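**Q** The listed protein sequences derive, respectively, from chains W and A.
Each residue of the first sequence is one higher than the last, beginning at 1 in the working numbering.
Each residue of the second sequence is one higher than the last, beginning at 1001 in the working numbering.
Quick caveat, the hints were computed from the structure, so don't treat them as lab data.
Treat the numbers as computed from the prediction; the structure is a model and nothing was measured.
Treat the hints with caution; some may be incorrect.
Result set (DSSO-like, lysine-lysine): computed pairs, CA atoms no more than 30 Å apart in a straight line [unchecked claim]:
#1 A:K1069 <-> A:K1028
#2 A:K1087 <-> A:K1127
#3 W:K134 <-> A:K1139
#4 W:K155 <-> W:K174
#5 A:K1133 <-> A:K1144
#6 A:K1133 <-> A:K1150
#7 W:K113 <-> A:K1127
#8 A:K1137 <-> W:K113
#9 A:K1028 <-> W:K113
#10 A:K1137 <-> A:K1150
#11 A:K1139 <-> A:K1150
#12 A:K1150 <-> W:K113
#13 A:K1087 <-> W:K134
#14 W:K113 <-> A:K1069
#15 A:K1144 <-> W:K113
#16 W:K113 <-> A:K1087
#17 W:K134 <-> A:K1150
#18 A:K1234 <-> A:K1087
#19 W:K113 <-> A:K1234
#20 W:K134 <-> A:K1137
#21 A:K1087 <-> A:K1069
#22 A:K1127 <-> A:K1150
#23 W:K134 <-> A:K1127
#24 W:K113 <-> A:K1139
#25 W:K134 <-> A:K1133
#26 A:K1028 <-> A:K1087
#27 W:K134 <-> A:K1144
#28 A:K1234 <-> A:K1028
#29 A:K1127 <-> A:K1069
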Amino acid sequence: MNFSVLEAYQGAILGGLGTTIYICALSIALGLVLGLAIELVRQELPWMRMPCRIYVEFFRGSPILIQIFLIYYAGPHFGLLLSPVTAGVVGLSLYGAAYYAEIFRSGFEAVPKGQIEAAECLGISPSRVLWRIKLPQMTALVLPPLVNQSIILIKDSAVLSVITVPELTKQTSKIINETFTIAEPLLVLALLYWALVEGLSRLGRFLETRMNRHITSSAGRTS
Amino acid sequence: MSLARTNIPPVINITNLHKRFGNLEVLKGIDLDIYQSEVVCLIGPSGSGKSTLLRCINFLESYEQGLVKINEEPMGFVEMYDGTLRKAPAARVLESRRDLGMVFQHFNLWPHMNVLENVTEALRSVKLRPRDKAEAKGKAMLEKVGLGDKLDSYPANLSGGQQQRVAIARALAMDPSIMLFDEPTSALDPELVGDVLAVMRSLAAEGMTMVIVTHEMGFAMDVADRVVFMEDGKIVEQGDPKTLFNAPKSPRLAAFLSSWNRRTNS
Chain W
1 MNFSVLEAYQ GAILGGLGTT IYICALSIAL GLVLGLAIEL VRQELPWMRM
51 PCRIYVEFFR GSPILIQIFL IYYAGPHFGL LLSPVTAGVV GLSLYGAAYY
101 AEIFRSGFEA VPKGQIEAAE CLGISPSRVL WRIKLPQMTA LVLPPLVNQS
151 IILIKDSAVL SVITVPELTK QTSKIINETF TIAEPLLVLA LLYWALVEGL
201 SRLGRFLETR MNRHITSSAG RTS
Chain A
1001 MSLARTNIPP VINITNLHKR FGNLEVLKGI DLDIYQSEVV CLIGPSGSGK
1051 STLLRCINFL ESYEQGLVKI NEEPMGFVEM YDGTLRKAPA ARVLESRRDL
1101 GMVFQHFNLW PHMNVLENVT EALRSVKLRP RDKAEAKGKA MLEKVGLGDK
1151 LDSYPANLSG GQQQRVAIAR ALAMDPSIML FDEPTSALDP ELVGDVLAVM
1201 RSLAAEGMTM VIVTHEMGFA MDVADRVVFM EDGKIVEQGD PKTLFNAPKS
1251 PRLAAFLSSW NRRTNS
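Just chain A, same shape as in the assembly (with noise of 0.2 Å):
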């Protein structure tokens, strides 16, 4: 992708973000810019921070130091008129959230309603939608990712891959921008990360921004935009997948690709 050559601005914008657990520092200063359109795969052993990263665009984890900005927004945090940053109110973190949607490793649907309520929800409590518009759309929502037929069912009843692609529908349904997705088919046997690859795919195929934390290389190879790999807390090394992964210039993607490369093989 070569829009960061026009003037477009990029719709995630990372500068010098710093994170912590403690005394264990997960993020060691990564600057990441994601434009419109844009599938960006995060790559790299776990315990690099990739999940962590993805989690502070959300600010579902806070940072010490640097920016997320979403759309040019600051995320988490208000800008002063003097340029100085405030952390934001509880109340305006959720509001900056509406152009993220996000999907977990362990789906986390909510147990006791259906799979058309999960879906709704947001829509009835985000956006007061009346009933009826609400499970329209809902409804639109799971026909996309191939679950029409299971409104009325419950999580428990369905597979991790239909879970997931329930998770996805929710997400959709509040009409993101930016799609996020934290290792979304690790929790799934793996007959069943075909589906919610397709739907993934699929996405990707309509022009929806993603963030994709995954372990998936042949996805991440079909497509991916963009492939970042990180290690110990770092931007390690990025680039289109092709070349990233037929020609990997640091000396730790060609090890941890080529550790992939042994397992799948083997």
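Next comes chain W alone, as it looks inside the complex (with noise of 0.2 Å):
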């Protein structure tokens, strides 16, 4: 092993990470307020129900690779010109979304009732009980598989190298074009997203605890 080639691509590789994280954490936070948004509109409007279904249920049922492609290739074709980072936060994002709003759904739906109606019983109105009673326990529920999702979708911006957008994985190749080493990028390409996928859980599990701190020593006591 050799890593002293990469001396040279230092830039190269930080500028790559940095357009990574740069990337994810703008498609993450567009795809999480996306999809609660859907998850929303879907529990008020009946009429959207089915809409919202073949939108979760396509951007779930195609491979995220031909979802990009779709907007990044065949979005001019339908007037929609995109840059290949526009293009990748949108793919992204919609991708996201769909996951995401199903981890909301089986959120709000282990939001215990009784809660609900205690509310109601009070005089409280939908949307108050949405934002002070829904949404700050369904978080506590929902924090886990939500951080389970956007790790995938941290792994799967990988895919973005296929349209050139100057992400992690895409310089590594060049890196590999240019210098012939293969090994030792590939290698600090799994640690670098090893080390990002590391980062967002521990930052998961550190909300985890402070969100649960009250709720925790309920757990398996139900009177």
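Two chains, two frames, some hints: make the complex.
**A** Pasting the structure below:
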């Protein structure tokens, strides 16, 4: 193993890392907002259930690579001209939102119905019930699966290299092509993704303990 | 209670109430009037419809036929000028519930809020009280149920009996004129039942109108002005507790009471 070849490419690797972080952070944030919006819309508006379902089924049912191709290469046919980075963020967000929406759905279903009834009995309005009772409790419940899904999204972002987004994988393949070293860059690439994922899952665990600090002692106790 | 003979209208007026869950008719024509300051206990075997009746009173369950009126206003429906009824919009239902406090079997406290937040949430978000006013009221209510020292505790760290008293304080904070209790002590360990019943007793002594679904016959005997025995979706018999428990007229009530006596004596 000879990692010294990589020294000349430090800038490229760090740049790629930065782009990956930027794209993933943006896609996760947009995906979460869109996913929650989808779940709320289909809860509130019965006639939107079918469109939302088609959306979720489509983005869960086709490979992310094909979705990215559709947006980036087929988009211009429909007047949709996006830069690689924008197309990547849009693709990852739409794809993530489908999964996030399903996670939010299971979260809402897990908030005990009795707590909602108690709020209704006190005259608390549905929007206030959502903000004060459903969302805070649901967030603690859905945090682990959301982190899990976001980890998958980070790793899937490697796919964006095929539409020339200068992210981590793209930069690494450039280095491979220019230096003809293969093992070292790939190893570094894998370790960097791992570091990103590890950082996110640590953040998740930290938030989880914070959010559950009052609720955990009731686990397994119903009355 | 002989209020029925005076001209004071009932605070809860239920006429010919029918409720179905799919093909199953759980309430088969209930007529019941409850008057100011009356304490009414609903008893009966499980599945007799008593909890459903209570949930129809505050419209947690809608119904197919008949009408519930609270303080002479239809609950869950709006009376049109021609006397017909239309389903009330959700906001109107929330408003109509303001006279009613509800206490559940499983407390239904919000586990992510501390005790004081549980009690003040509705004061802040429904009555729009400023924080200090809401907290003063919340503290007063918690002191009333004997939990003035638990303001910062979270529900998970309280016993069932304490949680239920918080739930009572939460309902009382909204100044309801009627309190509904749905088996408030059924989920509690026997040694914790007494504290909850004591709070309910003092409420009754203050003149609160109360409708209580309960299996606590001793409590019903002591505190109730009237006991209503339900079976199979109907009111079978009602009257003052002493007469009802000591000299049941219907064989079904007699059978229910004797099975209950057997259980408690064994």
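**Q** Within 30 Å, alpha carbon to alpha carbon, are A:K1150 and W:K113?
**A** Between A:K1150 and W:K113 the Cα gap is close to 26 Å, so the pair holds against 30 Å.
**Q** Assess, step by step, whether the Cα of A:K1139 is no farther than 30 Å from the Cα of A:K1150, and give holds or violated.
**A** holds, 10 Å
**Q** Is it true that the CA of W:K113 sits at most 30 Å from the CA of A:K1127?
**A** holds, 23 Å
**Q** Has the given pair, A:K1144 with W:K113, been kept, meaning a C-alpha gap of at most 30 Å?
**A** holds, 28 Å
**Q** Please verify whether A:K1127 and A:K1150 have alpha carbons no more than 30 Å apart.
**A** holds, 24 Å
**Q** Assess, step by step, whether the Cα of W:K134 is no farther than 30 Å from the Cα of A:K1137, and give holds or violated.
**A** Given that 30 Å is the threshold and the Cα spacing comes to 25 Å, the pair holds.
**Q** Is the Cα-Cα distance between W:K134 and A:K1127 30 Å or less?
**A** Holds: W:K134 and A:K1127 sit about 20 Å apart, inside 30 Å.
**Q** Please verify whether W:K113 and A:K1087 have alpha carbons no more than 30 Å apart.
**A** holds, 23 Å
**Q** Does A:K1144 sit within 30 Å of W:K134, going by the straight-line distance between their CA atoms?
**A** holds, 29 Å
**Q** Quick one, are W:K113 and A:K1139 close enough, alpha carbons at most 30 Å?
**A** Distance ~27 Å between W:K113 and A:K1139 Cα, so the pair holds.
**Q** Straight-line Cα separation of A:K1234 and A:K1087 no greater than 30 Å?
**A** OK: A:K1234 and A:K1087 at ~25 Å, within 30 Å.
**Q** Would the pair W:K113 and A:K1069 pass a check requiring their Cα atoms to be no farther apart than 30 Å?
**A** holds, 26 Å
The structure meets every hint from the earlier list without exception.
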